[in-house]
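Colleague: So the chains spell out like this:
Protein chains: 2
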Amino acid sequence: MATSEVKVLGIWPSPYVIRARIALNIKSVNYEFVQEPIGSKSELLLKSNPIHKKIPVMIHGDKIICESLIIVQYIDEFWSSAPQILPSDPYDRAITRFWGAYIDHKLFPSMRIIALGHEDNEVMKKELNIIYESFALLEDVFQKSSNGKKFFGGENIGYLDIALGCNLGWVRVTEKMNNVKVLDEEKTPGLYKWSQDFSDDDAVKELIPETEKMIEAGLFFMNKMKASQS
Amino acid sequence: MATSEVKVLGIWPSPYVIRARIALNIKSVNYEFVQEPIGSKSELLLKSNPIHKKIPVMIHGDKIICESLIIVQYIDEFWSSAPQILPSDPYDRAITRFWGAYIDHKLFPSMRIIALGHEDNEVMKKELNIIYESFALLEDVFQKSSNGKKFFGGENIGYLDIALGCNLGWVRVTEKMNNVKVLDEEKTPGLYKWSQDFSDDDAVKELIPETEKMIEAGLFFMNKMKASQS
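Residue numbers (the numbering used here), protein chains in the order written: chain A, 1 to 230; chain L, 1 to 230.
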């Protein structure tokens with residue numbers, strides 16, 4: 001049936017694309033992953049997201065949904081009877097959205113600069129510090145909201161787990177390439193354990209790329225991704 | 001009762017603050033508007049929003065909610081039996097959120113540059129063009145989603161009306177100070193009519209400041225707002 005067909009347009013190392021795919025896995029929705037060409041934008045992408053021309057795009061029957069956290073919310077609201085991704089309490093939802101926005105507008109831009117590299121060492125140092133500070137803040141959020149459970153969302157993966165966890169592949173690349181510890185067993189013990197539980201989850205484990213594979217493909221992808229990631 | 005007390009921290013000309021206030025008016029929620037000092041940040045603001053230190057902040061009993069569109073969603077979800085602000089269909093909600101994010105990340109940054117002024121005329125020209133293009137796009141969105149009705153959300157003011165309409169005061173200042181037409185009866189006929197209906201609505205009319213009052217207070221506020229607006 002046309003309306004039940006789901007496609008995700010994207011490239012495999014993009015954390016934003018991984019968000020949509022984890023959410024679909026949580027809801028047990030079958031979907032087709034349509035790999036975008038590297039270094040150019042497909043006709044389907046340009047037609048589907050003419051405003052931003054960015055991945056991920058989710059096509060659900062005749063409906064097109066863009067922007068990763070909006071896609072995650074759509075998936076949660078459309079398949080509402082499957083495991084819940086956002087909490088149900090309005091205040092918990094607001095807090096969750098606040099930190100989701102923080103991750104997108106404060107943490108990920110710095111992670112992107114570090115991943116792509118920067119010729120000025122001072123810039124690298126400054127951005128790495130933002131990353132450390134952000135993870136220290138998020139450790140605190142995790143301790144409060146997980147309340148001794150495995151995830152930000154409790155015993156199951158929720159919105160904030162997806163929002164942050166989608167980038168674990170690049171966290172590991174950042175650690176390895178810069179010889180640093182972003183998730184530290186002593187400084188961020190909650191998130192350190194969380195990152196393992198998250199990566200091991202059935203909805204996630206096929207999607208977070210192996211560090212070596214990412215580094216190998218990294219340089220090629222990273223140069224091309226500058227123009228196409230959303 | 002403590003938990004039912006609502007306060008909004010902000011300054012009156014901030015479109016982001018106006019968003020929260022319109023949403024509360026739509027839900028007929030009584031609230032106290034706490035005017036922030038100009039040029040400094042109150043202890044209450046710094047304590048309430050230590051991450052971004054920005055207005056608006058909504059305090060609801062012992063709960064603190066930050067970031068204007070997150071506040072609007074919280075208000076819609078907490079007072080869920082009053083008139084609905086977001087549409088109920090998941091796809092309509094996704095589209096609404098998409099354009100809300102577009103307004104915040106594409107349109108308003110350009111409106112801000114124009115409102116604050118820029119010494120380089122080329123920058124002013126470029127930013128004005130972004131504003132024209134954005135309103136042309138939003139005219140199209142309006143025509144499709146209002147479907148002959150008064151607002152983006154139908155017969156009643158909804159999320160997208162609030163997201164865009166909160167800035168009508170600055171649209172008018174921009175028009176007057178730069179001798180241009182942003183909302184044009186011929187080029188954007190739907191939005192031109194919409195802007196009048198929106199400003200006349202009971203939930204809005206006390207909140208969109210008069211153009212003359214904004215221009216008068218503008219220079220003073222605008223210089224100070226650079227650091228405090230969210």
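The hints are simulated quantities; they were obtained by calculation from the structure and are not laboratory data.
Heads up, a few of these hints could be off.
Note that identical chains are pooled: a pair holds if it fits in a single copy or bridges any two copies.
[As the list claims (entries may be wrong)] Derived DSS-like pairs: lysine-lysine, alpha-carbon spacing no greater than 27 Å straight-line:
no.: 1; residue 1: K63; residue 2: K149
no.: 2; residue 1: K126; residue 2: K53
no.: 3; residue 1: K125; residue 2: K53
no.: 4; residue 1: K47; residue 2: K181
no.: 5; residue 1: K27; residue 2: K126
no.: 6; residue 1: K193; residue 2: K181
no.: 7; residue 1: K47; residue 2: K144
no.: 8; residue 1: K63; residue 2: K106
no.: 9; residue 1: K213; residue 2: K63
In this text, all values refer to a predicted model and were calculated from it rather than measured experimentally.
Colleague: Would you mind marking each hint as holding or not holding in the structure?
Modeller: Right, here's what the structure says about each hint:
| no. | hint | verdict |
| --- | --- | --- |
| 1 | K63 / K149 | between (36 Å within a copy, 23 Å between copies) |
| 2 | K126 / K53 | between (30 Å within a copy, 21 Å between copies) |
| 3 | K125 / K53 | between (32 Å within a copy, 24 Å between copies) |
| 4 | K47 / K181 | neither (41 Å within a copy, 31 Å between copies) |
| 5 | K27 / K126 | neither (39 Å within a copy, 44 Å between copies) |
| 6 | K193 / K181 | within (14 Å within a copy, 56 Å between copies) |
| 7 | K47 / K144 | between (43 Å within a copy, 18 Å between copies) |
| 8 | K63 / K106 | between (30 Å within a copy, 23 Å between copies) |
| 9 | K213 / K63 | neither (33 Å within a copy, 44 Å between copies) |
Hints 4, 5 and 9, counting from the list given before, are not met by this structure.
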